[in-house]
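Protein chains in written order, with full-length UniProt numbering: chain A, 1 to 170; chain B, 1 to 478; chain C, 1 to 634; chain D, 1 to 106.
For the record, the hints were derived by calculation from the structure and aren't laboratory data.
Hints may contain errors.
[To be verified] Just a sample of chain C residues kept apart from chain B, beta carbon distances all over 12 Å, derived:
{"#": "1", "residue": "F66"}
{"#": "2", "residue": "W158"}
{"#": "3", "residue": "G208"}
{"#": "4", "residue": "F391"}
[Said to hold, decoys possible] Here are the computed lysine-lysine pairs in the DSSO-like style, where the Cα-Cα straight-line distance is at most 30 Å:
{"#": "5", "chain 1": "B", "residue 1": "K363", "chain 2": "C", "residue 2": "K160"}
{"#": "6", "chain 1": "C", "residue 1": "K160", "chain 2": "B", "residue 2": "K418"}
{"#": "7", "chain 1": "B", "residue 1": "K159", "chain 2": "C", "residue 2": "K603"}
{"#": "8", "chain 1": "B", "residue 1": "K155", "chain 2": "C", "residue 2": "K585"}
{"#": "9", "chain 1": "C", "residue 1": "K26", "chain 2": "B", "residue 2": "K431"}
{"#": "10", "chain 1": "C", "residue 1": "K160", "chain 2": "B", "residue 2": "K289"}
Note that beta-carbon positions come from the ideal geometry of N, C-alpha and C, so glycine has one too.
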Amino acid sequence: MSAILIIFYVLAAITLSTAFLTIYSKNPIHSAIYLVICFFSIAGHYLLFNAQFLAIVHIIVYSGAIMILFLFTIMLMNLNKEDEVHKPRITRLGAIVVFCVLSAVLITIFINSKTIVGDYDTTGEDFQSIKKLGKILLNEYMVPFEFASVLLLVAMIGTVLLSKKEKTNK
Amino acid sequence: MDVTTILILLLVGAIATYFSGDKLASKVALFFSVATLGVSLYLLNEFSKGETINYLGEWMEYPKVYLALQADGLSMLMVLLTTALTPIIIFSSLGNTYSNAKSFYALVLFMSFAMTGTFLAVDGLLYYIFWELALIPIYFIALIWGNGDADKRKKAVVKFFIYTLAGSLFMLVAFAYLYQKTNNFLLGDFFNLRLSATEQFWIFAAFFLAYAIKIPLIPFHTWQAKVYQKAPTVGTMLLSGIMLKMGLYSVIRWQIQIAPQAAKTLMPYLIGLSIAGVIYGSIIALRQKDLKKLLAYSSLAHVGLIAAGCYTLTLDGLNGAVYQMIAHGFVIVGLFFVAEIIHRRYETREISAMGGIRSQSPKFTSLFMILVLASVALPGTYNFVGEFTVLYSLSQVNIWFAVFGGTTIILGAYYMLKMFQNVMLGETNTKVFASITTNEIITLVIIIAFLLFFGLYPKPITDLVNPAIKDILIHINR
Amino acid sequence: MENSLVLLLLLTPFVGFLFNVFFGKKISRNVSGTIGTIAVVVSFAMSIFFFMQLNQTGKVIQVKLFDWITVSNFKLDFGILLDQLSLLWLLFVTGIGSLIHLYSISYMHDDENLHKFFAYLNLFIFFMITLVIGSNLLVMFIGWEGVGLCSYLLIGFWHKNQDYNDAAKKAFIMNRIGDLGFLIGIFIIASLFTTLDFVELKEIVLGGTNSGNALLSVATLCLFIGATGKSAQLPLYTWLPDAMAGPTPVSALIHAATMVTAGIFMITRMNFLFDLTPYIQEIIAVVGALTALVAASIGLLQNDIKKVLAYSTVSQLGLMFLALGLGAYNVAVFHVITHAFFKACLFLGSGSVIHALHGEQDMRKMGGLRKVMPITFATMLISTLAISGIFPFAGFWSKDEILLVAFQNHHIAFAKVLWVVASIASIMTAFYMFRLMYLTFFREFRGTEEQKHHLHESPSLITFPLIVLAALATIGGAINLPGSNWLNHFLEPILVTKYEHHALGTQEYMLMAVALAGAIIGIGWAYSKYIKQAFVPKEDSAITGFSKTIYNKYYVDEFYTFLIVKPLNGLSNFFRTTLEPALGKVVYGFGTVANGLSNQGRKLQTGSIGLYLFAFVIGVCAIIIYLFLAQNIA
Amino acid sequence: MNNILDIVGIENYIFLSVLLFCIGVFGVLYRRNAIIVFMSIEIMLNAVNLLFVAFSTYHQDAEGQVFVFFSMAVAAAEVAVGLAILVSIFRNLGSIDIANLKNLKG
């Protein structure tokens, strides 16, 4: 068992357990903290793949920006209490059943599926360095890239508009 | 100039009318409708020289739809009917003032556009689009400018709209089915399909629902009387004068040609149903208290006879049906206009509130009388030519059809004369009946002149229609 | 030249009609009447011209004006056929028409719508001419319907009175019932022979062997139904007495002399067909005889002077149909002509009386007019003698021939019965006609004092036509005296069955004597009752028993109302109030069903996001299972 | 480290993603707190992103990573807008319990 495999298993365990805890913890603040951990572990997976660029972006966007947003929202709403009323038992049971069924179904599918692209074979060619990605992004994906910035701008305006207090009502 | 000119002119006319403002609208609309009549007469001239009047353009790639327009004698005649009645109808409405007149007249022209398109289209989907397009203007005309209680009106008009629309959907299904087989909607290609008897039956039935509601045949007629009553007279005229003929025309052009075998098998039942409509409409008209409703039921009776003629699938039956369509188109427009003239003066459509008009307005009485006589198909009017031919064709199929269909001669005379007596005759009415205006006289005289002229000399129409019907019969008997 | 003259014959009355319609109001009343009269006189002159020409050359005139209706297997022209029969009819239609126009100028002088009256009369003459000279059945049908229309217009001439309008409507609709029969007959004939042209039809029928064809019988029966409508036979006769609502000249012209004979004209025209269908001929004979009897019996007790004449007309028409049914078309035609003379004269005379009494038509309020109105009296007496069949007036000859034909017929087993019935009808005729004369002209005046002061003989414009018609009623029989038989010879080209000439033997003389005796019995009966016993008919309320039944026309009108009109109206009401809303509800039913479904569907939308998410995820699961697993298994 | 998939194997990553995704689904169904639901959605998104990267490496193709990049941009926008909506809901209703959001009830 090589070191990498051990790292993978550890990371995977962290990812799954924190993801589960995110959902399971009653306090939203805790949830948010677990989620941060989960995201970091995913960033670790990215590093395992040697996808440095994505790992960094992931940490910046998810662990940084998005999580800050979550935390601020939670604090804004003053939700750091464990006051959530649980769903009826039948619903919770249903959720568990669906979880099992879905996992079972998906896993069965993947087990049963056959590979159509040949086996994995490294060519040693560089395809994911930051340099390479930057070239691809700004050549082939120039237009979508720019649109992504427009999207973010629109989202920003939308967010401001939505979260502004409406004066006309009062 | 080709066949598209008519359509473009009407569409442009509708738009121009809309932008011309309320004061000018009626005149602009009249101008465009007369211009269209001119164009269609020009086309008629070309047609009689032997030119083919058609247009074929691409429209959609998938599904394959062509802008295919073609006029044979039958279409030509129906287009002429539309383009001739539209100016008459617009002219007749000059005595009324409508709020938001620009929209009103624009809708009238738009409806005329759609109906003309229906008569010309030979591509199934294009035809269907025109067919449905014609429904929209009349919906608004009846809803916005209609009379009577707004809620009741809305109920009647919405019922009419949904009912006819629902019927038409079955037709669309039939077209979709046919498209599967031909990969386009061209009428000519539909003929070449070798449809099995079952297929024909279902296609025939789908078409039948659409047409039976539009025409209307009993028992699909329930929308008719109320809409006629509630719609403004212009709308009623458009409905009864032209739109009903769309259904009848479509029977000849589409239904019995695409599914001739089914038509032949079902013939006795179809004729029976149509004739039941004749008798039913006539009987129910006997006791109507509302003038427009009475005329609506008389219309039901007449179109029943026309439909019976169509379903005989004989040369005479189809010819007679076409004659009768033209004749009925004119006479019913005239009669509804008469109702409108009375309404303008008495503000009522209740027959019991009328009476004794004759001694006040003899001219009007005479014109009305002639229309009544035309409606009961007195020899010498064009209606007689149509009714005779239809009844003759029925007698060739089965003499009993002619006997029962012929009851319209008796019952028609009964309810029309009874109506005439109650509306016009008797002691002089206490309410003053203002003398009939020149415009009104002109409208009525044009209609009457048409009916009388072709009543005595129907040859031009016969010559126009006959070759087309013969072609159609070739398709039916293929 | 010939064509334009024919057109002149046909169109002059129409021009007169148009003129009176468009300019009638602006010109003076007399001019309006005069123009109307001249228009008919021109036609009369043309008729005489063609009649002369035909007599000289023997050539039948056929004109094709233009194509009219085309149906698949034949064409119908607007054609004109001037042969012996149509010319004969033309002569008396336009002739009597002219006289009645003349009469109307004076009679209708005070009416505000005089120009319209003449317009309608002219239109009537136009349609009557069309009916008579049409070269095929359908052109005849134009005239046939056209005269019905004019009849409608003229009966309802005084349109302010709804009773009159009802009568007009009734006439039109009853005629239309017949017209439907006629039309069906036309259809059958058209499909059998693919032509409606009289000449061609005759050739085809005579050339072929159609005698046993059942459909042909149906056709002729239908034609006969048409004739019963127009010529007021059982069971469609009830409109004619009501039609007396119209002005008296109209009754004289349309409802006595001309239009009502159209049925006889048509059957005579189609005699070659009727000859092939003996059963139908029997029916015609029976219907004719029955009509004659029923109408005559009703006439016995009527008090309205015009109603009496109306029933008498129905009765006489019945006799004519009897003759037609017996195959003696020429005899029927003969009676048509003589009847036209004396009945027109009687109507005009009664009009003169009514005119003098300012609209009074009830005979109970007349009497003693003989001295005041000598010309009217004399002419009416002559006509009454004629209609009663007194030698040597016109009616004697024609009626006697009918009775003779009935008596001598060998084809119909019960011909003798028909003879008896017809004879009884004749006796009744003599009775009620003299009852009319006695009540009107004899003894003392029974009206009001005021009327008495105004009693006067009518002006010469009224008496002149009376005198002419009375003269014709006197000598009219001369056209077909048993010895000369001019009419029979004249009509020979028209009729297929050659008329058997009667040698004037003992039997014939005996029958004449019997007929004459019958007439005299009738007269004597009337004389004893109304002169000797000075009997005046009772008030309406005092009539009882069987007389009441007769007086109320056997309640036939009520019977029809009960049997046809009421159920029809009931049905209409049922349709209107029950069936129509029910049908509407069925249509709405679809809407209701859709509404209900939608309501059920609405409940699925709980608004709970959790539930939606469950549904969504399970749905995705299901789709995945279907796409990947189910297909793999399959 | 190019040969990571030689060592770990694509299957493991697939299973990891599937499980992560299912945990996300479970969270969506299980919780009523809208913010937690939101977090669950992020988890699902990340599961997919992870798979993308895994396959990108498997195919030696950068496009998968580019796609993940875009998906992150979209996620960022989505979270921003979504949270803004939640805030405004909270202001109006005083709660972000999704059981209370029943205005769509037919």
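When you check the alpha-carbon spacing of K160(C) and K418(B), does it fall within 30 Å?
holds (15 Å)
If you draw a straight line from the CA of K363(B) to the CA of K160(C), is it 30 Å or shorter?
Since the Cα atoms of K363(B) and K160(C) sit roughly 16 Å apart, the hinted pair holds (cutoff 30 Å).
Keeping to a limit of 30 Å between CA atoms, is the pair of K155(B) and K585(C) held or broken?
holds (13 Å)
Say whether it holds or is violated: F391(C) keeps its Cβ farther than 12 Å from all Cβ of chain B.
holds (44 Å)
So F66(C) supposedly isn't at the interface. Is its beta-carbon more than 12 Å from every beta-carbon in chain B?
violated (6 Å)
Hinted pair K26(C) and K431(B), Cα distance within 30 Å:
holds (27 Å)
For W158(C), is the shortest beta carbon distance to chain B beyond 12 Å?
Non-interface label on W158(C) violated, nearest chain B Cβ at 10 Å vs cutoff 12 Å.
G208(C) clear of chain B by more than 12 Å, beta carbon to beta carbon?
The claim stands: G208(C) keeps its Cβ more than 12 Å from every Cβ of chain B (closest is about 20 Å).
Does the structure keep K160(C) and K289(B) at a Cα separation of 30 Å or less?
holds (21 Å)
For the pair we were handed, K159(B) and K603(C), check the Cα-Cα distance against 30 Å.
holds (26 Å)
When the structure is compared with the earlier hints, violations turn up for hints 1 and 2 and for no others.
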